[in-house]
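*Asks:* Sequence:
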Amino acid sequence: MSKLVVVFHTLSFIIGNLLGTSYSIHLFYRSIAEKKFDTIFPAFIGVLIINLPVIIVPVLSSSITNNDDLGSNNWFSNTLFYLIFFGVGLKWTKSWWGYLVELESDNSSNTLPNEGAILFPNTKLKEAIYELCSSAGMLDVELYLCREKQINGYAKARLIGPKSIVISEGCLHLEWEEIAAIIGHEIVHLRLKDTTALSALWRIIGVLTIIFVFIGYMLLLELLYYLFPLIGNLFGIISLPIVLMYEIGMLTFMIIDNRRYWYQIQELRADRLSCQLPGVTLEGAIKVLKKLKAQEDNLFENLSWYQKLFLRYFIVTEHPSIDRRISLLEKYKKWSLIDYIIHYFQITKWFFFGRGWNGR
Numbered sequence: 014m015s016k017l018v019v020v021f022h023t024l025s026f027i028i029g030n031l032l033g034t035s036y037s038i039h040l041f042y043r044s045i046a047e048k049k050f051d052t053i054f055p056a057f058i059g060v061l062i063i064n065l066p067v068i069i070v071p072v073l074s075s076s077i078t079n080n081d082d083l084g085s086n087n088w089f090s091n092t093l094f095y096l097i098f099f100g101v102g103l104k105w106t107k108s109w110w111g112y113l114v115e116l117e118s119d120n121s122s123n124t125l126p127n128e129g130a131i132l133f134p135n136t137k138l139k140e141a142i143y144e145l146c147s148s149a150g151m152l153d154v155e156l157y158l159c160r161e162k163q164i165n166g167y168a169k170a171r172l173i174g175p176k177s178i179v180i181s182e183g184c185l186h187l188e189w190e191e192i193a194a195i196i197g198h199e200i201v202h203l204r205l206k207d208t209t210a211l212s213a214l215w216r217i218i219g220v221l222t223i224i225f226v227f228i229g230y231m232l233l234l235e236l237l238y239y240l241f242p243l244i245g246n247l248f249g250i251i252s253l254p255i256v257l258m259y260e261i262g263m264l265t266f267m268i269i270d271n272r273r274y275w276y277q278i279q280e281l282r283a284d285r286l287s288c289q290l291p292g293v294t295l296e297g298a299i300k301v302l303k304k305l306k307a308q309e310d311n312l313f314e315n316l317s318w319y320q321k322l323f324l325r326y327f328i329v330t331e332h333p334s335i336d337r338r339i340s341l342l343e344k345y346k347k348w349s350l351i352d353y354i355i356h357y358f359q360i361t362k363w364f365f366f367g368r369g370w371n372g373r
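Just so we're aligned, residue 14 is where the sequence shown starts under our numbering, counting upward by one.
Worth flagging that the hints you see were computed from the coordinates, not collected in a lab.
From the three backbone atoms N, C-alpha and C, an ideal C-beta is built for every residue, glycine too.
Mixed in with the good hints there might be a few duds.
[What the hints assert, rightly or not] For each label pair, taking beta carbons as the anchor points, the in silico distance ranges come out as:
(1) Phe-225 to Ile-250: 30 to 36 Å
(2) Pro-134 to Asn-315: 28 to 34 Å
(3) Gly-229 to Glu-188: 44 to 50 Å
(4) Glu-115 to Asn-64: 17 to 23 Å
(5) Gly-150 to Glu-188: 20 to 26 Å
(6) Phe-225 to Leu-312: 39 to 45 Å
(7) Thr-222 to Asp-153: 49 to 55 Å
(8) Tyr-112 to Asp-153: 40 to 46 Å
(9) Gln-163 to Gly-100: 34 to 40 Å
(10) Glu-314 to Thr-222: 49 to 55 Å
(11) Phe-366 to Leu-247: 41 to 47 Å
(12) Ile-354 to Glu-314: 21 to 27 Å
(13) Ile-354 to Asn-246: 21 to 27 Å
[To be verified] Taking lysine to aspartate or glutamate and the EDC-like style, the derived pairs with C-alpha atoms no more than 20 Å apart in a straight line are:
(14) Lys-206 to Glu-280
(15) Lys-162 to Asp-310
(16) Lys-303 to Glu-161
(17) Lys-169 to Glu-117
(18) Lys-48 to Glu-155
(19) Lys-303 to Glu-115
(20) Lys-107 to Glu-144
(21) Lys-137 to Glu-182
(22) Lys-306 to Glu-188
(23) Lys-344 to Glu-296
(24) Lys-206 to Glu-155
(25) Lys-347 to Asp-310
(26) Lys-139 to Glu-188
(27) Lys-300 to Glu-190
(28) Lys-169 to Asp-153
(29) Lys-300 to Glu-115
(30) Lys-107 to Glu-331
(31) Lys-107 to Glu-117
(32) Lys-303 to Asp-336
(33) Lys-304 to Glu-115
(34) Lys-162 to Glu-309
(35) Lys-347 to Glu-280
(36) Lys-321 to Asp-310
(37) Lys-321 to Glu-115
(38) Lys-137 to Glu-155
(39) Lys-139 to Glu-155
(40) Lys-306 to Glu-331
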């Protein structure tokens with residue numbers, strides 16, 4: 014029986030570490046097949062390091078199963094250690110994934126040079142962008158150009174200090190209404206301090222709000238029971254299952270990792286609010302998102318299954334699915350508090366139905 018338990022402990026780790034194992038073997042095989050001798054040895058080291066615990070886990074498992082003090086002879090203890098070894102496998106993959114990505118970038122001839130942003134040249138486009146910023150009340154912003162061929166844009170700011178918007182060279186080939194949509198999106202981020210430490214404070218306030226809403230609900234329910242027993246019972250029966258599902262689920266999600274949810278909320282909110290800015294059109298926002306989707310699809314299709322799975326579940330992604338963003342803009346409604354709840358259920362649905370945290 015103890016040998017069988019050791020086998021299952023080892024299998025639990027192997028399953029948890031499957032993505033790292035697959036990626037490392039793929040890179041090693043690719044280096045040999047393409048005769049890239051400068052990366053064969055680092056790729057081989059990657060295979061050894063990522064799979065080394067497969068030798069260690071059986072030894073560790075044997076010591077656990079032979080130790081009566083750990084209570085390893087009952088089903089609960091064994092199940093607990095299966096989960097522990099599976100979790101260690103996941104963590105081991107995540108710890109070494111950066112090394113594999115860096116190794117693949119060295120092995121790829123398609124990697125773009127990482128060049129810094131420069132001040133945006135004095136052109137009519139720059140004047141038009143500054144006029145858009147001015148009409149939105151954003152007067153103290155610097156504009157930069159990033160030498161990147163892909164369509165991209167982002168904002169940078171401190172709580173007190175200079176603000177900047179960076180767009181890539183890939184944006185220069187867009188129509189004006191598409192560029193305006195990108196700039197408007199970043200203006201909203203700057204207005205709402207999404208790129209500053211204040212956003213982390215809002216996340217904490219969000220979690221506390223969830224707790225206090227639940228406490229308030231329970232107090233209201235108790236008051237109704239006391240004053241109007243019949244109404245209180247009906248109200249509790251109808252609403253309690255929904256509220257409990259929302260509150261417990263949201264709290265669990267926040268405790269596990271609240272960053273993905275709040276980052277995606279910031280993006281969805283910026284999409285919606287930017288369309289209310291003067292000079293930014295809903296049509297322009299949808300058009301540029303569709304081009305971003307085609308760009309993302311092209312990059313995503315070239316990834317292996319284990320890379321896709323890792324990106325869906327392990328990487329902290331700021332942006333939700335572009336399909337979701339387009340769909341919400343096509344059914345445009347003003348941003349409201351209900352959108353926070355809707356997106357919680359959406360991201361939970363993505364997670365449990367194989368689409369990761371961002372629905373990609």
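*Asks:* Does each hint hold? Answer for all of them.
*Replies:* Evaluated hints:
For Phe-225 and Ile-250, the Cβ-Cβ distance of about 24 Å falls outside the hinted range of 30 to 36 Å, so the restraint is violated. Here the CB-CB span from Pro-134 to Asn-315 is close to 33 Å, well matched to the stated 28 to 34 Å. Checked against the hint of 44 to 50 Å, the pair Gly-229 and Glu-188 passes, with Cβ atoms roughly 48 Å apart. Separated by about 19 Å at the C-beta atoms, Glu-115 and Asn-64 satisfy the suggested range of 17 to 23 Å.
Here the CB-CB span from Gly-150 to Glu-188 is close to 24 Å, well matched to the stated 20 to 26 Å. The hint said 39 to 45 Å for the Cβ distance between Phe-225 and Leu-312, and at roughly 42 Å that hint holds. Distance hint for Thr-222 and Asp-153: a CB-CB separation of about 31 Å, inconsistent with the stated range 49 to 55 Å. A hinted range of 40 to 46 Å holds for the C-beta pair Tyr-112 and Asp-153, which are about 41 Å apart.
Between Gln-163 and Gly-100 the Cβ separation comes to about 35 Å, which falls inside the hinted range of 34 to 40 Å. Taken as a hint, the range 49 to 55 Å is violated for the pair Glu-314 and Thr-222, whose Cβ atoms sit roughly 40 Å apart. Distance hint for Phe-366 and Leu-247: a CB-CB separation of about 34 Å, inconsistent with the stated range 41 to 47 Å. A hinted range of 21 to 27 Å is violated for the C-beta pair Ile-354 and Glu-314, which are about 33 Å apart.
For the hinted restraint 21 to 27 Å between Ile-354 and Asn-246, the CB-CB distance of approximately 25 Å keeps it satisfied. Between the alpha carbons of Lys-206 and Glu-280 the distance comes to roughly 13 Å, so the proposed pair stays at or under 20 Å and holds. A threshold of 20 Å between alpha carbons decides the hint, and for Lys-162 with Asp-310 the separation of about 16 Å falls inside it, so the pair holds. Taking the CA atoms of Lys-303 and Glu-161, the gap is near 19 Å; set against the 20 Å cutoff, the hint holds.
The hinted pair formed by Lys-169 and Glu-117 fails the criterion: a straight-line CA distance of about 29 Å is larger than 20 Å. The straight-line distance between the Cα atoms of Lys-48 and Glu-155 is roughly 47 Å, outside the 20 Å bound, and the hint therefore fails. Between Lys-303 and Glu-115 the CA atoms are separated by roughly 30 Å; this puts the pair beyond 20 Å, and the hint is violated. Restraint check for Lys-107 and Glu-144: the C-alpha separation of about 45 Å exceeds 20 Å, so the hint is violated.
This hinted pair checks out: Lys-137 and Glu-182 have alpha carbons roughly 15 Å apart, not beyond 20 Å. For the hint pairing Lys-306 with Glu-188, the CA-to-CA distance comes to about 17 Å; that is within 20 Å, so the pair holds. For the proposed pair Lys-344 and Glu-296, the alpha carbon gap of about 12 Å is at most 20 Å, so the pair holds. Between the alpha carbons of Lys-206 and Glu-155 the distance comes to roughly 16 Å, so the proposed pair stays at or under 20 Å and holds.
Between the alpha carbons of Lys-347 and Asp-310 the distance comes to roughly 28 Å, so the proposed pair goes past 20 Å and is violated. Restraint check for Lys-139 and Glu-188: the C-alpha separation of about 14 Å stays at or below 20 Å, so the hint holds. Between the alpha carbons of Lys-300 and Glu-190 the distance comes to roughly 9 Å, so the proposed pair stays at or under 20 Å and holds. For the hint pairing Lys-169 with Asp-153, the CA-to-CA distance comes to about 12 Å; that is within 20 Å, so the pair holds.
Annotation: proposed proximity of Lys-300 to Glu-115 is violated, straight-line Cα distance about 33 Å (limit 20 Å). For the hint linking Lys-107 to Glu-331, the alpha-carbon distance of about 18 Å falls within 20 Å, and the restraint holds. Annotation: proposed proximity of Lys-107 to Glu-117 holds, straight-line Cα distance about 16 Å (limit 20 Å). Of the supplied pair hints, the one linking Lys-303 and Asp-336 holds, its CA atoms being roughly 8 Å apart against a limit of 20 Å.
Distance hint between Lys-304 and Glu-115 is unfulfilled; the C-alpha atoms sit about 28 Å from each other, more than 20 Å. For the proposed pair Lys-162 and Glu-309, the alpha carbon gap of about 13 Å is at most 20 Å, so the pair holds. Simply put, Lys-347 and Glu-280 have alpha-carbon atoms about 14 Å apart, close enough for the 20 Å limit, and the pair holds. Distance hint between Lys-321 and Asp-310 is fulfilled; the C-alpha atoms sit about 12 Å from each other, no more than 20 Å.
Distance hint between Lys-321 and Glu-115 is fulfilled; the C-alpha atoms sit about 17 Å from each other, no more than 20 Å. A distance of roughly 16 Å separates the Cα atoms of Lys-137 and Glu-155; the hinted pair therefore holds under the 20 Å criterion. At roughly 10 Å between alpha-carbon atoms, Lys-139 and Glu-155 fall within 20 Å of each other, so this suggested pair holds. Of the pairs offered as hints, the one joining Lys-306 and Glu-331 holds, with about 15 Å between alpha carbons and a cut-off of 20 Å not exceeded.
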